[in-house]
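Visitor: Below are the chains, spelled out letter by letter.
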Amino acid sequence: MVEKSVSFVIEAVSSALEMLQVRVEEAAEQWQLSPKTTFQINLALDELVTNIINHGHGGDSGDHFIDIQMRMDGSKLTIVLFDDGPPFDLTSAADPNLDAALDERPVGGLGIFLVRQYMDKVEYKFQEGKNSIILVKYCSEREESEK
Amino acid sequence: MKIEQREEQGVMIVEPAGRLDSNTAPMLDQVLESMDASENGTHLIVDFSSVEYISSAGLRVILKAVKDRQGQAKSFAASGMQEHVREIFEISGFDSFVEIYPDFHKALASFS
Numbered sequence: 001m002v003e004k005s006v007s008f009v010i011e012a013v014s015s016a017l018e019m020l021q022v023r024v025e026e027a028a029e030q031w032q033l034s035p036k037t038t039f040q041i042n043l044a045l046d047e048l049v050t051n052i053i054n055h056g057h058g059g060d061s062g063d064h065f066i067d068i069q070m071r072m073d074g075s076k077l078t079i080v081l082f083d084d085g086p087p088f089d090l091t092s093a094a095d096p097n098l099d100a101a102l103d104e105r106p107v108g109g110l111g112i113f114l115v116r117q118y119m120d121k122v123e124y125k126f127q128e129g130k131n132s133i134i135l136v137k138y139c140s141e142r143e144e145s146e147k
Numbered sequence: 001m002k003i004e005q006r007e008e009q010g011v012m013i014v015e016p017a018g019r020l021d022s023n024t025a026p027m028l029d030q031v032l033e034s035m036d037a038s039e040n041g042t043h044l045i046v047d048f049s050s051v052e053y054i055s056s057a058g059l060r061v062i063l064k065a066v067k068d069r070q071g072q073a074k075s076f077a078a079s080g081m082q083e084h085v086r087e088i089f090e091i092s093g094f095d096s097f098v099e100i101y102p103d104f105h106k107a108l109a110s111f112s
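For the protein sequence lines, the chains are A and B, in the order given.
Going by this note's numbering, the first sequence opens with residue 1, and the numbers climb by one from there.
Going by this note's numbering, the second sequence opens with residue 1, and the numbers climb by one from there.
Just chain A, with the same shape it has in the complex (with noise of 0.2 Å):
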């Protein structure tokens, strides 16, 4: 039986990472998402929990969490990312200037705006003393899953 929802945490630590793909990897192949779907939504989580483990958590600590539940409706993926770090609202960054010359491009930034690009909606709350991220990815090159 395919789940609609899908929970799990993971330690706000970088080598949470792998682990962080590997649960990823399942849910999107029990609800058959295409590779391409599945590197956007990997990408998109590993920008943001990077950036809740060094902006919310200051680095590798340890003793914090990162919630994230996964869920699917119809073509409707929504996935919430909820860590007890001090408010932070990392969605708030301005996207890079695509255009300026080498030289003045920041070495950074570009990690929300990934995470902007490949997902239909990213919003921010900060809701019973957590940081909540909510995505939305509407996933149109599921492959067929009803035969």
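There could be a bad hint or two in this list.
[To be verified] Quick look at which bits of chain B chain A covers, simulated, 3 or more residues with Cβ under 8 Å: (1) 21-35; (2) 52-66; (3) 83-94.
Everything labelled a hint here was simulated from the structure, so no lab data went into it.
No experiment lies behind these values; they were computed from the predicted model shown.
The C-beta atom is built at its ideal place from N, Cα and C for all residues, glycine as well.
Position chain B relative to chain A; hints supplied.
Guide: Positioned in the frame of chain A, the structure of chain B alone reads:
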């Protein structure tokens, strides 16, 4: 991540393999910095054919290497990207300052 380095026709070739994310990008950064410091590093190709995944942490390392080398008039080229890796480069506008070749032979030929 495994990173191989070799020299062909006087051109340094760096071939990272695996995931280029925030865990592994510092390794590539270190290799590229040491290459930049060496006397043989006039032309550099980073061959991406074994890179299955890249995040913004990987892009930052490439941007830094290109900037460092540009300041010293040392050339830089990339080759062999899988389609989804190339797409990340293009979306981020990196294809405007990094020459991307289909494979490293073509990149090598561009220097001769």
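Visitor: Does each hint hold? Answer for all of them.
Guide: Structure-based check of all given hints:
1. Using a Cβ-Cβ cut-off of 8 Å, 3 residues of the segment 21-35 of chain B lie near chain A, which meets the minimum of three, so the contact claim holds.
2. Requiring three or more residues with a Cβ within less than 8 Å of a Cβ of chain A, the coverage given for the segment 52-66 of chain B holds, as 9 such residues are present.
3. Given a C-beta distance limit of less than 8 Å, the hint that chain A covers the segment 83-94 of chain B holds, as 5 residues qualify and 3 suffice.
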